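*Asks:* The primary structure of each chain is shown beneath.
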Amino acid sequence: MKNMVMARTISQIVFFLLLAVVLVGAFCSVSLGAGAYLTCSLGMLQLTVSSRELIGGVILSGLLLLVLTIAMGRVFCGWICPFGALLDWLQKPLAKLRALTAGRFSWLTRADNRGIKYGVLAGSLVAAGLVKYPAFCAVCPVGTVCRTAGLQGLNIGAETAVLPLIASMETVQKRFWCKALCPIGALLGLASRFSLFKIRLPWNNCAGCNRCEQACSMDNSPRYAGITALKNNSTVLKALIESGMPDALDRPARPEAMPEALRRAVDAANKKLGVNPAECTRCFACAAACPVLINTRVKHPTFHQDGKQQAV
Amino acid sequence: MSDALWTITVKGPLNKPGSYQATASDTLLDVIFREAGGMKNDRLALKAVLIGGSQGKFAAEAELKAVVNASNDVMVMDEGSCIVNIVSTLLTYNLMCLPRQTGCVICRQALAEAVELLAKLRSPQGGIASLSGLKSLVAETGAKCRDGCRLLNPLTSALMLYEQEFASHAAGRCPASICGELMLSPCSNSCPANVDLPGTIALMQMGKFQEALTLGRQDNPLFLTCGYVCEDPPCQNNCKRLSFDEAVYSQSLHRYAGEKAARQAGSLAKALRHPSIAPGKPTGKKVAIIGGGPAGLSAAYFLARLGHKAVIYEKASNAGGMAAFGIPAYRMDRAVLAEEIAAIQSLGVEFIFGCEVGRDIAADELRRQYDAVLIAVGASLSRKLGIPGENLPGVAGAIEFLAAAAQGRAQAHSNRVLVIGGGNVAIDAARTARRLGVMSVRLMCVEDIFEMPASRQEIVAAQHEGIDIIPLSAPLAFSGGERVEKTIYAKVKPGPYDAVGRRWPPQLLTEQKVETECDLVIVAIGQMPDVSGLAKVAERRGTFLEADARHGLFVAGDCCGPVNTVVKAVKSGKEAAFAIDQYLMGKSTPLTGEIRQHIGCFSGPLVCHTAPRVGMPEQDAKIRTRNFDLVELGLTDEQAKYEMLRCICAAKGAL
Numbered sequence: 001m002k003n004m005v006m007a008r009t010i011s012q013i014v015f016f017l018l019l020a021v022v023l024v025g026a027f028c029s030v031s032l033g034a035g036a037y038l039t040c041s042l043g044m045l046q047l048t049v050s051s052r053e054l055i056g057g058v059i060l061s062g063l064l065l066l067v068l069t070i071a072m073g074r075v076f077c078g079w080i081c082p083f084g085a086l087l088d089w090l091q092k093p094l095a096k097l098r099a100l101t102a103g104r105f106s107w108l109t110r111a112d113n114r115g116i117k118y119g120v121l122a123g124s125l126v127a128a129g130l131v132k133y134p135a136f137c138a139v140c141p142v143g144t145v146c147r148t149a150g151l152q153g154l155n156i157g158a159e160t161a162v163l164p165l166i167a168s169m170e171t172v173q174k175r176f177w178c179k180a181l182c183p184i185g186a187l188l189g190l191a192s193r194f195s196l197f198k199i200r201l202p203w204n205n206c207a208g209c210n211r212c213e214q215a216c217s218m219d220n221s222p223r224y225a226g227i228t229a230l231k232n233n234s235t236v237l238k239a240l241i242e243s244g245m246p247d248a249l250d251r252p253a254r255p256e257a258m259p260e261a262l263r264r265a266v267d268a269a270n271k272k273l274g275v276n277p278a279e280c281t282r283c284f285a286c287a288a289a290c291p292v293l294i295n296t297r298v299k300h301p302t303f304h305q306d307g308k309q310q311a312v
Numbered sequence: 001m002s003d004a005l006w007t008i009t010v011k012g013p014l015n016k017p018g019s020y021q022a023t024a025s026d027t028l029l030d031v032i033f034r035e036a037g038g039m040k041n042d043r044l045a046l047k048a049v050l051i052g053g054s055q056g057k058f059a060a061e062a063e064l065k066a067v068v069n070a071s072n073d074v075m076v077m078d079e080g081s082c083i084v085n086i087v088s089t090l091l092t093y094n095l096m097c098l099p100r101q102t103g104c105v106i107c108r109q110a111l112a113e114a115v116e117l118l119a120k121l122r123s124p125q126g127g128i129a130s131l132s133g134l135k136s137l138v139a140e141t142g143a144k145c146r147d148g149c150r151l152l153n154p155l156t157s158a159l160m161l162y163e164q165e166f167a168s169h170a171a172g173r174c175p176a177s178i179c180g181e182l183m184l185s186p187c188s189n190s191c192p193a194n195v196d197l198p199g200t201i202a203l204m205q206m207g208k209f210q211e212a213l214t215l216g217r218q219d220n221p222l223f224l225t226c227g228y229v230c231e232d233p234p235c236q237n238n239c240k241r242l243s244f245d246e247a248v249y250s251q252s253l254h255r256y257a258g259e260k261a262a263r264q265a266g267s268l269a270k271a272l273r274h275p276s277i278a279p280g281k282p283t284g285k286k287v288a289i290i291g292g293g294p295a296g297l298s299a300a301y302f303l304a305r306l307g308h309k310a311v312i313y314e315k316a317s318n319a320g321g322m323a324a325f326g327i328p329a330y331r332m333d334r335a336v337l338a339e340e341i342a343a344i345q346s347l348g349v350e351f352i353f354g355c356e357v358g359r360d361i362a363a364d365e366l367r368r369q370y371d372a373v374l375i376a377v378g379a380s381l382s383r384k385l386g387i388p389g390e391n392l393p394g395v396a397g398a399i400e401f402l403a404a405a406a407q408g409r410a411q412a413h414s415n416r417v418l419v420i421g422g423g424n425v426a427i428d429a430a431r432t433a434r435r436l437g438v439m440s441v442r443l444m445c446v447e448d449i450f451e452m453p454a455s456r457q458e459i460v461a462a463q464h465e466g467i468d469i470i471p472l473s474a475p476l477a478f479s480g481g482e483r484v485e486k487t488i489y490a491k492v493k494p495g496p497y498d499a500v501g502r503r504w505p506p507q508l509l510t511e512q513k514v515e516t517e518c519d520l521v522i523v524a525i526g527q528m529p530d531v532s533g534l535a536k537v538a539e540r541r542g543t544f545l546e547a548d549a550r551h552g553l554f555v556a557g558d559c560c561g562p563v564n565t566v567v568k569a570v571k572s573g574k575e576a577a578f579a580i581d582q583y584l585m586g587k588s589t590p591l592t593g594e595i596r597q598h599i600g601c602f603s604g605p606l607v608c609h610t611a612p613r614v615g616m617p618e619q620d621a622k623i624r625t626r627n628f629d630l631v632e633l634g635l636t637d638e639q640a641k642y643e644m645l646r647c648i649c650a651a652k653g654a655l
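Residue numbers (the numbering used here), protein chains in the order written: chain A, 1 to 312; chain B, 1 to 655.
I should point out that these hints are in silico values taken from the structure, not numbers from a laboratory.
Computed from a prediction, not measured in an experiment: that's the story for all the values here.
You may find that some hints are simply not true.
To be verified - One-sided excerpt, in silico: chain A residues whose CB lies under 10 Å from chain B:
(1) 205
(2) 208
(3) 209
(4) 212
(5) 215
(6) 235
(7) 237
(8) 251
(9) 255
(10) 289
(11) 304
(12) 307
(13) 308
For glycine and all other residues, C-beta sits at the position ideal for the given N, C-alpha and C.
Please work from the sequences and hints to get the whole structure.
*Replies:* This is the structure in structure tokens:
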């Protein structure tokens, strides 16, 4: 899984250079000639709402990202988005500051806040309809990165002011913008709900060490939320009650020690459940942090009675 | 015997779950313990019994002891289960899986509300509000529902029987360490002293042994002593590693951290000094602590860190109490305890030795001189059997015997020793007698061997050392001329099962009297506090003392209730220290160590395949009965390195 993390970093660098330095502004909208455009999905919706007409080329190009999301989930946020990449790169330098603010702004860092971005999405569409102009695009940090990181960036200083403002939220929480506010993320999140590719909890290997919960920048708590989702599944619930151990999934126990019927029910339910598909950016941070997935194959020594290492 | 009348189906963590025929005289406890073979994990006692499936009721003790009078489905839960979690799952099941028409409209609505409130109670957002919400919901629905719905039964009965557990959740603590959102990790939650175990072990993994030691000492001033004597630690009942193989051997790792840190820093004294453990800003308040045992020491340590002046009055000539005199030298390195006491002293705690309150100074005098008084005198009197011949020379209490042995005063002028009792103190006394050169040491207890309250490991070690155990027996009288010569005892028949599965009280079979020769009898059937000098000061509750917090009088340790282990005494002292701080300052001050924010995370490979825990290297059983050297030799470097990598839990906030 470390390979996936490496691949993601490379992908982020490539797309950052591509979208923000080489093809400056291409992400927001680029004319491909012959009336065809390439736009971001939210830009497409805003354009459609503000111009009150359906432009075939715009819609098709905007749908591209949504199709990708339905196939792969919110990979855009984790692998492509140049602003998300910036925030990811800021995580380490700001770790000390984050430790200082820990617990101070609990109202800001609540997991429920992730719903705000859907409000922002609706707001941006309404605003576009009212002022007949894709207003959100003017302050969109993703777009700003794409448009300003190149040579023309120096010209529009006022627009770039939004970047440090939003990046400063990183001192409170990792990827605060993406989690709580980004309307593009919200739009893709809606599509991501139905995505074919999901990250699943390897529940029969899972020891519950919670490393994934801390590795996740999107507050998904893969382990806790995964177990809770399993426990709210009606077939699993039935199996739990029938086996007479309602808390079999909460307590440390080997899966092979569980009753066969329960194990089968959990397995079946787990196949359908992904780790919060609407919020997960498929960044593989959880899988990379999982000790069970990574190094079950490392050999370790055995010992004699007196504590001396046994010769192999 | 009469014919089978009822069919009882028992489920849960039992040895043999299944359907059983109950006869007319059987109780539910008989079915659970006799037919179904008792609890699967003998470290986790029976906690709750739910009769009648997901719409059933939790049974009170009286119901368990009553004769079975109907066929039923019975769900058994052991102490590892959290009742709030169980009730939440049962109600979710009732809400989601039962047919739509079950129950009346009012009850179904209340059920949905209850499920939400229970989920909230299990999270940090819950608190008192959600508990009072649940209570009023149950009361209102009970009054409104006309059809006698059973949907809310588990909740209603659990709220009555396990009120304390619900209240504890409302205060933000899950006693069974199940509700993950309320705690750092299950191990540190279940450790009586709340030591941050994932943190200490993460620091060890990174090779920072002094920091690990310091992090442990933030919560437990006798951290290293516990590394030697913590037995059957509760942290290991909840280790997440249990999902693979065995729990991490944490206490021996802590002991190793002390040894390693001492090696790195040059001496243990240097390793124990760390800038993050410093006396607090002086408040000008003075607290007298009566008794310098683990509870008193722990209270003094936390009071000093909170900025109060603590003065310990100890009647012996050195501190440590039961940890110094009661725990034999072969189980604990006394030099380590002495160093830890010195570290507590270096925080500005004052010791007055050889001063017994009530004899050398009046308790009232202390209350005049100090802003608060903490009584932590421990339980230093051995309980008596109350049978003829108990006052003969040669019949001794275990505490007196162990204290004499610790000070080198006990000599072996006896050949046949009989120890009476089945707890850890009895085993300590027996093993000490063996080391003093007594050839025949026998131990008599009323329980069967597998039911003895002593820890499994100690019993096995004692048997290896050639100590005979006479189970299911109780002494009737001692006889002899100048000294005790004979003990007359009888076999006992175990009594009926009680609510936790003990067969209590046993019945004496006095017709089968047996005589046995012995020239020293050690009675180890429990202790009680020596409160002769404090009788007028503190209220008594049974043999224990009661605090009077409003007037600045506090109690901690064995004298306020059975505490038994060092780590629980530390907890008791810690709680008392924070209560005293609250009393003196009028507000509660949290103690946080900056070290906790800098734990970091070990990123190397951990041991993740199924791998057993390391075995503690021990002295050979043949040699060790001739000396008082440590039986457990401590982990070797290679073992410790491997064992610490078995802890896979992330210290919260580390990644």
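*Asks:* Hint by hint, note whether the structure agrees.
*Replies:* Each hint, compared with the structure:
no.: 1; hint: 205; result: holds (9 Å)
no.: 2; hint: 208; result: holds (5 Å)
no.: 3; hint: 209; result: holds (5 Å)
no.: 4; hint: 212; result: holds (9 Å)
no.: 5; hint: 215; result: holds (6 Å)
no.: 6; hint: 235; result: holds (9 Å)
no.: 7; hint: 237; result: holds (5 Å)
no.: 8; hint: 251; result: holds (6 Å)
no.: 9; hint: 255; result: holds (8 Å)
no.: 10; hint: 289; result: holds (7 Å)
no.: 11; hint: 304; result: holds (9 Å)
no.: 12; hint: 307; result: holds (4 Å)
no.: 13; hint: 308; result: holds (7 Å)
In terms of the numbered hints stated before, the structure departs from none.
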